[in-house]
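These protein sequence lines are chains R and W, in that order.
At position 161 of the first sequence the residue is numbered 161 (the numbering used here), and the sequence of numbers has no breaks.
At position 26 of the second sequence the residue is numbered 26 (the numbering used here), and the sequence of numbers has no breaks.
To be clear, the hints were calculated from the coordinates, so they are not data collected in a lab.
Don't take each hint at face value.
Said to hold, decoys possible - BS3-like, lysine-lysine: derived pairs with alpha carbons at most 27 Å apart:
#1 R:K37 x R:K167
#2 R:K37 x W:K299
#3 W:K47 x W:K104
#4 W:K47 x R:K41
#5 R:K67 x R:K77
#6 W:K104 x R:K41
#7 R:K67 x R:K167
#8 R:K130 x R:K384
#9 R:K195 x W:K299
#10 R:K388 x R:K367
#11 R:K367 x R:K234
#12 R:K37 x R:K192
None of these values were measured; they are calculated from a predicted model.
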Amino acid sequence: MNKPIRNLAIACLVMFMALLVNINYVQFVEADSLNAKNGNKRVINEEFSRDRGSILIDGKPIAESVKSKDEYKFQRKYPEGGLYAPLTGYFSYIFGRSALENSENRVLSGSDDRLFVNRVIDLLSNKQPKGGSVEVTIDPLAQKTAAEGLEALGKGTKGAVAAINPKTGAVLAMVTQPSYNPNRLASHDFAKVQKSWEELTTDKNQPMLNRTTQQTLPPGSTFKLVTAAAALEKGVVDDVDDKIKAGARLSFGGGITYTLPNENGGNCGGDRITLEQAMNVSCNVAFGALALKVGQTDLAEQAGKFGFGTDPLADLPMNPSRFTSGDTPLEQPQLAQSGIGQFEVAATPLQMAMVAGGIANDGKVMKPYVVDTVRAPNLRVLDKTQPKTLSEAVSASTARKLQEMMVSTVQVGTATSAQIPGVDVGAKTGTAQSTADRPPYAWFVSYAKDGDDSVAVAVLVESSNTARNEIAGGRLAGPIAKSVMEAVLGK
Amino acid sequence: MTTPVWVPRKRRGAEFFLTVLAVFIGIAAYASVGLGVEGTIPSDTYKLGGALIVVAIATHLVVRRVAPYADPVLLPLVIALNGLGLAMIYRIDLGYQQVNPDWKALANGQLMWTGFGIVAFALVLIVVRDHRRLQALTYTFGFAAIVLLILPLLPGIGRNIRGARIWIGIGPFSFQPGEAAKICLAIFFAGYLVVKRDALALAGRRFAGIDLPRGRDLGPILAGWLLSMGILIFQRDLGSSLLFFGLFVVLLYIATERPGWLVVGALLFAAGAYMGYLAFGHVQVRVNAWLDPFSDPDKNYQVINGLFGLAHGGLLGQGLGQGSPNLTPFGFSDFIAASLGEELGLTGLMAVLMIYGLIVERGLRIALTCRDAFGKLLAAGLALSIAIQVFVVVGGVTRLIPLTGLTTPFLAQGGSSIVMNWAIIGLLLRISDQTRRPAPEISTFESDEATQVVKLS
């Protein structure tokens with residue numbers, strides 16, 4: 001009977017080897033992915049008991065950890081409340097993390113590989129590991145100004161402001177209204193956190209939505225910048241003084257009874273007007289006709305070069321802007337409507353700021369970013385974001401022609417509300433229709449240059465207390481854009 | 001001239017030294033739990049330490065007295081595991097008490113049951129002076145096993161706890177008779193197979209290339225096994241079914257030396273497992289939890305948290321008292337392997353598995369060196385029962401195989417398990433003492449008495 005017993009011994013050896021290999025797999029190979037899983041309380045507890053790093057603007061925290069007396073040792077605080085919520089996100093025991101708290105978590109919690117040496121030193125000196133800090137690109141004055149501008153429109157206002165530096169892509173302001181106070185979610189009073197969460201997630205105004213990067217809405221007339229850019233790039237129009245088709249209505253022929261009217265039913269100043277004038281008065285017929293001439297493919301390509309369809313800001317939750325849903329082949333009227341930023345065209349405020357920024361930067365669209373510097377707990381710089389080009393959207397000459405038209409729009413067109421004395425300001429307004437039963441969206445896309453300084457701003461007012469017939473991009477959103485540009489340029 | 005006879009050394013000194021080490025592991029673990037959770041060494045460390053030392057000395061003396069040739073490694077291994085288990089249960093008690101001051105500590109009960117376990121161990125060694133006598137009681141044990149298995153099904157004393165009807169309760173005490181049935185069945189299988197092994201292996205008809213034994217040889221054991229399986233199915237105790245089935249098939253293979261039985265067993269098992277999967281909802285839940293636990297985080301909360309605990313422990317562990325094993329439901333019993341993995345890390349859990357591996361290896365070595373067939377089968381069966389328990393429960397917790405309920409021997413909280421596993425160690429030591437003891441010299445005419453100067457009465 002010894003031979004079977006020996007075989008049994010081998011079988012037992014195999015069983016134990018299988019157990020050993022398997023726990024090596026679980027505790028070593030799979031450990032990182034298990035630790036990163038949602039709802040892993042152990043990791044959350046550990047993170048909560050750590051001195052988490054700060055998120056800073058000009059050295060001042062907009063998110064920091066302060067000592068607390070309860071079992072978690074530290075309490076996350078957001079000194080500015082909801083003003084920076086779209087950037088910082090929340091750090092909640094029950095509901096996890098969002099925005100920068102989530103995307104920069106490895107640095108903030110101190111588990112980043114670049115902090116390995118710090119961790120070893122902490123271990124040897126028996127100190128609690130500390131997190132590194134993240135400095136963001138925001139201009140605090142611009143942020144505040146933008147928020148105040150939206151608040152001034154009244155209590156029920158929904159809207160967003162995105163400002164970027166056209167030369168680098170650094171995001172200078174990112175405001176959404178309404179916002180929420182992340183302190184409510186970071187509290188250690190979990191019953192209250194639960195209640196806050198329910199309130200915030202069931203609020204139909206979606207206060208936790210980052211409207212600058214996640215809310216895609218028809219950009220309306222501001223999209224005419226893209227149509228004009230495509231027309232100039234493809235040689236459909238050669239210069240801003242070239243005459244193009246205008247008039248009161250755009251008809252399509254071929255038995256289509258629908259015609260595309262202008263916003264106020266006017267005729268844009270003639271049956272043929274210059275491109276510049278079409279931009280100044282935001283002539284639907286002219287740009288609808290241009291879109292038809294440019295064609296769907298080239299228009300879509302131009303939109304893509306400005307960043308439509310991409311997700312360039314990796315640090316924050318973002319919905320890509322779109323020219324069409326999927327690859328819909330467009331009928332003529334749909335293509336004409338798309339050319340004026342209607343039909344299925346939808347863009348985020350950040351995307352429209354990138355359009356203005358690309359034009360202001362002589363055609364080069366920079367990749368937007370919000371994290372400027374990442375530092376170790378001892379302030380050593382671990383990483384500094386280098387500006388990157390996202391694409392060459394248009395040639396420099398086309399960009400200059402577009403600038404010329406945007407400046408003209410501010411001087412004599414629909415965007416006069418953005419004039420800043422002594423500063424080169426270009427802008428385009430937009431009043432986008434959605435459905436008949438809700439007020440249109442007011443858009444304002446602009447840039448300003450003052451010597452070497454420049455800024456591009458997009459403002460979106462989704463809804464406000466303003467009477468319906470008062471809503472127009474220039475009147476509602478223009479002054480906000482203007483004040484943000486002034487704040488950035490120090491005027 | 002007589003040929004020199006090889007006499008195994010008793011090795012009681014080595015055993016004592018290893019026991020000291022094992023006791024040290026237990027006491028150090030208890031102290032570090034206190035340090036980890038509360039920052040100070042528990043004030044009653046001397047109590048537990050004293051208790052462990054008394055236990056160690058007592059068991060050592062019992063072995064020295066009644067089984068002087070017994071294997072010297074088994075006992076220290078078991079003491080180390082038992083001490084670690086106590087420390088971990090105490091640690092989880094502290095964890096629960098921080099959240100809920102009314103939590104009733106389990107460690108005290110476990111300490112008491114450990115005491116009973118050691119009494120059972122000593123009783124086995126003292127009462128069973130020669131394991132071969134158990135063979136005479138083959139059918140008695142077989143009958144006892146079935147009675148024990150039926151007990152929980154009886155109304156009045158049977159208790160249904162967490163979906164399995166495997167407990168009996170009398171007053172405040174509850175007991176899992178299946179744990180005792182495990183030993184009884186091992187004795188029954190061993191005793192029966194020893195007698196019938198030739199008949200099972202040789203007599204019978206050849207059918208499709210397999211030698212089928214005669215029904216009258218296989219019948220009783222098959223009936224016994226089927227009955228126990230049937231009962232277990234009613235009790236929804238998958239782990240024990242697996243244990244008994246494995247024990248049955250492997251002992252049949254050892255007794256007959258015919259690997260064909262393993263094939264038949266594997267086929268039967270596969271068929272049974274598949275039918276079980278189709279027939280029972282709780283089996284499907286377990287299998288799904290094994291294949292993709294994260295598909296239903298609410299239902300698979302325990303498995304997922306066990307895995308989180310293991311991952312949290314990583315390579316070196318959080319340190320005793322510094323992880324959060326109390327987040328895993330039943331981290332002190334079914335999932336104690338995950339708790340150990342969290343606080344002692346991969347290295348610690350591997351060490352624990354190595355200890356189990358050594359216990360199984362020592363058991364099988366006893367089976368190999370044993371001179372009588374009954375002892376061989378019994379020792380192999382007992383060693384295998386420990387191997388299966390560890391494989392099934394640790395494999396289940398670490399998601400190597402679907403989770404089935406069995407206890408982790410000596411570590412997990414649970415009275416019946418700890419008492420019966422100590423009894424198993426007692427039996428193994430008894431067989432090994434018998435095995436290693438030099439054969440009594442047959443010398444009739446040279447009496448020692450003649451050379452004695454003073455005759456002691």
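A quick look at each hint next to the structure:
1. R:K37 x R:K167: Given that 27 Å is the threshold and the Cα spacing comes to 38 Å, the pair is violated.
2. R:K37 x W:K299: OK: R:K37 and W:K299 at ~16 Å, within 27 Å.
3. W:K47 x W:K104: Answer holds: W:K47 to W:K104 is near 19 Å, not above 27 Å.
4. W:K47 x R:K41: Roughly 35 Å separates the two Cα atoms, so the pair is violated.
5. R:K67 x R:K77: Holds, because 10 Å separates the two Cα atoms, which is no more than 27 Å.
6. W:K104 x R:K41: With Cα atoms ~24 Å apart, W:K104 and R:K41 stay inside 27 Å; holds.
7. R:K67 x R:K167: Roughly 40 Å separates the two Cα atoms, so the pair is violated.
8. R:K130 x R:K384: 20 Å, holds
9. R:K195 x W:K299: 25 Å, holds
10. R:K388 x R:K367: 6 Å, holds
11. R:K367 x R:K234: 24 Å, holds
12. R:K37 x R:K192: 25 Å, holds
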